[in-house]
Amino acid sequence: MAGEGDLKLLGMVVSPFVVRVRMALHLKGVSYEYIEQDLFNKGELLLRYNPVHKKVPVLIHNGKPVCESLAIVQYVDEVWAASSPSILPTDPHERAVARFWAAYVDDKFFPAWIGIMRAETEEERAKKMSEMAAVVKQLEVALAQCSNGKDFFSGDSVGYLDIAVGCNLFWLDAMRKMFGVVVIDAARTPFFAAWADRFRESDVGKVALPDADIAAEYAKKIQAHRAAAVASK
Amino acid sequence: MAAGDDLKLIGAWPSPFVTRVKLAPSFKGLSFENVEEDISNKSELLLSSNPVHKKVPVLLHHGKPICESVVIVQYIDAWADPGTGPSLLSSDPHERAVARFWAAYIDDKLVASWMQSFRGKTEEEKSEGTKQMFAAVETLEGALRECSKGEGYFGGESVGLVDVSLGSLLSWLKATEMMSGAKIFDPVKTPLLAAWVERFGELDGAKTALPDVDRVVEFAKMRQAQAAAAAAASEN
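From first to last, the protein sequence lines are chains A and B. Offset between the first sequence (1-based) and this note's numbering: plus 842. Offset between the second sequence (1-based) and this note's numbering: plus 628.
Treat the hints loosely; a few may be bogus.
Unchecked claim - Distance ranges between label pairs, derived from CB positions: (1) 672/B x 848/A: 33 to 39 Å; (2) 957/A x 855/B: 53 to 59 Å; (3) 763/B x 1068/A: 23 to 29 Å; (4) 691/B x 895/A: 34 to 40 Å; (5) 1045/A x 806/B: 25 to 31 Å.
If you are wondering where the hints come from, they were derived from the structure by calculation, not from laboratory data. The beta-carbon is built from N, C-alpha and C at its ideal position, and this holds for glycine as well.
Can you build the whole structure from these sequences, using the hints too?
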């Protein structure tokens, strides 16, 4: 595709932040070279292009790195502005609202589900689930506010806030398989649950969301790593 | 666009996030109505405008609320008339992405560690906060070198998003220097940043928006006394 230049994405298959960027690139129809990183043994490319955080995702465009998933998504939207759809809303106030909720997803929603994942006892997990319930309720409110009754946070089609939230869905599905917990309950947050189903079935959801089983396998690998680290002390 | 285009800022003078929002219109020559909030007794206006976090700052534009300081700054920059002054964000997408990266770094690393050095529950927690704060400052020296490209600001020739993000903390960081006796922006270790602090502080926009350092010191001491009293009371 014309005007792409040399585009590489450093990622890790089950990182929701990497999935978020892959979704943005897919929405714009941009092709790129994907390079899977071993986060237990970080390679030279990752350390060179993200020396500050040493984390994925990192987008490398014509040799220049862009880090932090939301900054990358906005970068992709701006560079490929000529390709539709527009990922961020065009109206400044709607854009501000979308950015507000995307920040909420990273500051509240992500740590909340990580807390459920990492809980070491049933009791702790139940506590984390009830903390998550308050967050999910807020996202139900956000959906009502942003979608105006349409299918997605961004309206008729998938946009910034849909991918900001949606990139986490496969981990919620993995946790249901692993622990039997249901984070997005249709009985309590019906609109949000319907949105989640629609997002999974959307083109970008089907292409970019990894299988929940892969996430569950990775979670076991992390647990084994932690156990080994503790045992070797 | 007329000055005071129904712009209202719900804020509290000690909050550096409120200062951050005051800096943006200050640099763009916009005027706004300042609504001072009593944080210990939050108003109906604040609670209804920011029901999710119930925090300041909140910008009300024609009555519509915008929350989160970095979101508000970008909103003001995008919406304000180009005639009001240079944009806080470059038109180049890569430079914009780098600015957003460093703005996030300032809040996630510098502000977080500085708050820990102040509010940490144990001496150990506080000194870990201080250590991380100095590490963040060193990283920001490198960021300034990279972003300024030999000019005076993170934004290059003129003030940008990162200058506003970091500049908003200056009164508090200077207050911390006065109270602890340690220099945060050491001219020997971080010469570019030390020069930037002087330069930024001299700007009219900064002088208007930044609270007086002595007032901040007094406020900080009062807060510390309150925290100590609360801790002592809970031990009884």
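Whether the CB-CB distance between residue 1045/A and residue 806/B falls inside 25 to 31 Å: Between residue 1045/A and residue 806/B, where Cβ atoms are some 58 Å apart, the hint is violated.
Distance restraint evaluation - residue 691/B, residue 895/A, Cβ atoms, bounds 34 to 40 Å: Once the Cβ atoms are compared, 39 Å apart, the range 34 to 40 Å for residue 895/A and residue 691/B holds.
Supplied distance hint 33 to 39 Å, evaluated on CB atoms of residue 672/B and residue 848/A: violated (55 Å)
Residue 957/A paired with residue 855/B, Cβ distance criterion 53 to 59 Å: violated (27 Å)
Distance restraint hint 23 to 29 Å, applied to the beta-carbon atoms of residue 763/B and residue 1068/A: holds (26 Å)
When held up to the earlier numbered hints, the structure conflicts with 1, 2, 5 and fits the remainder.
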